[in-house]
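S.K.: Counted from 1, the sequence shown has number 50 at position 50 by the working numbering; the numbering is strictly sequential.
In short, the hints are calculated from the structure, not lab data.
It should be emphasised that the depicted structure is a prediction, and the values quoted were computed from it without experimental measurement.
Hints should not be assumed to be uniformly reliable.
[Stated by the list, open to error] Here are the simulated EDC-like cross-link-like pairs (lysine to aspartate or glutamate), alpha carbons at most 16 angstroms apart as the crow flies:
no. : residue 1 : residue 2
1   : Lys-232   : Asp-42
2   : Lys-191   : Glu-180
3   : Lys-251   : Asp-57
[What the hints assert, rightly or not] Using C-beta positions, here's what the derived DEER-type ranges look like:
no. : residue 1 : residue 2 : range
4   : His-14    : Leu-266   : 16 to 26 angstroms
5   : Asp-125   : Leu-100   : 15 to 25 angstroms
6   : Ala-26    : Leu-66    : 46 to 56 angstroms
7   : Leu-100   : His-14    : 52 to 62 angstroms
8   : Phe-128   : Ile-38    : 35 to 45 angstroms
Where is the CB? At the ideal position from N, CA and C, for every residue including glycine.
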Amino acid sequence: MNSRRPLRLRLPTHDPLALVGLGIYAVFIVVAVLAPVIAPYDPTEILFTPNYDLAADRRPGEDGFLMGTTTMGRDLFSQLVWGSRSALLIGLTAAFMVALIGSIVGVVAGYFGGWVDTILMRLADVAFGIPFLPFVIVLAAFLEPSIWNVVFAMALVLWRDTGRVIRSQTLTLRTRVYVEAARVSGSSDLKIILRHVVPNILPLSFLYGSIAIGWAILTEASISFLGFGDPKSISWGFMLQDAFASQALSKGAYYWFLPPGVLIILIVSAGFFITRGYEQILFPKLDR
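The task is simple: from the sequences and hints, build the whole structure.
M.R.: This is the structure in structure tokens:
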């Protein structure tokens with residue numbers, strides 16, 4: 001590896017599951033962008049039948065509702081569509097923050113070493129010692145309920161994995177001949193980092209960012225199901241919590257809680273499929 005040939009991302013055409021994961025993400029992105037067009041109703045709107053009766057607990061297809069309605073008369077299909085926007089907003093934002101913080105910490109620790117490395121890695125040890133989901137729940141309980149609590153919590157804790165891996169990669173990069181040559185020629189540390197180190201660690205940052213997307217979506221669904229989510233934001237976790245509170249299972253309303261559960265599984269699995277595909281590209285020795 002040298003400065004003229006940094007690690008580059010390419011489509012994992014060798015891995016069908018990774019391509020499936022990318023396809024799933026593409027579909028969800030399209031649905032999220034076109035949510036106002038696809039969803040027939042506002043997800044929080046209380047609907048009524050033509051006879052002015054509350055459209056509550058309607059089954060799929062009944063009174064023209066594609067997937068039925070909730071006990072409060074809200075359209076489930078619209079909530080499912082708008083939930084994709086919340087999921088991707090949380091997932092992508094959290095992934096960006098985790099990858100950014102982890103990459104900065106890893107590069108600084110690995111490049112400068114010494115007391116800087118010691119302090120940053122001890123902070124990573126502290127982050128590893130924090131139980132993630134209880135930490136998010138406590139944070140959400142003390143702060144105003146918001147989807148950004150999930151992003152904030154992930155940024156505070158989950159950078160640890162990215163930081164460790166990026167640090168290890170940086171430790172090898174800083175000893176390369178071209179880095180030493182740049183240092184001898186008088187290049188500043190900042191210039192060396194931006195020109196020779198960062199281009200080679202970006203694919204690893206992307207790899208761990210894709211893992212963070214799934215974690216963020218799963219975490220938001222978990223805290224929303226437990227009642228600590230943002231009540232003003234419609235998400236798949238909110239749908240599951242609403243279904244649980246309304247005893248949808250005892251009513252046999254599988255159309256209420258199965259779709260959001262399946263979508264959560266799909267989008268989280270897609271992230272791990274993509275990660276697996278790019279692992280084989282970035283670390284070809286794994287196949288040996």
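S.K.: So, against the hints stated earlier in the document, which numbers end up violated here?
M.R.: Hints 6 and 7 not satisfied by this model.
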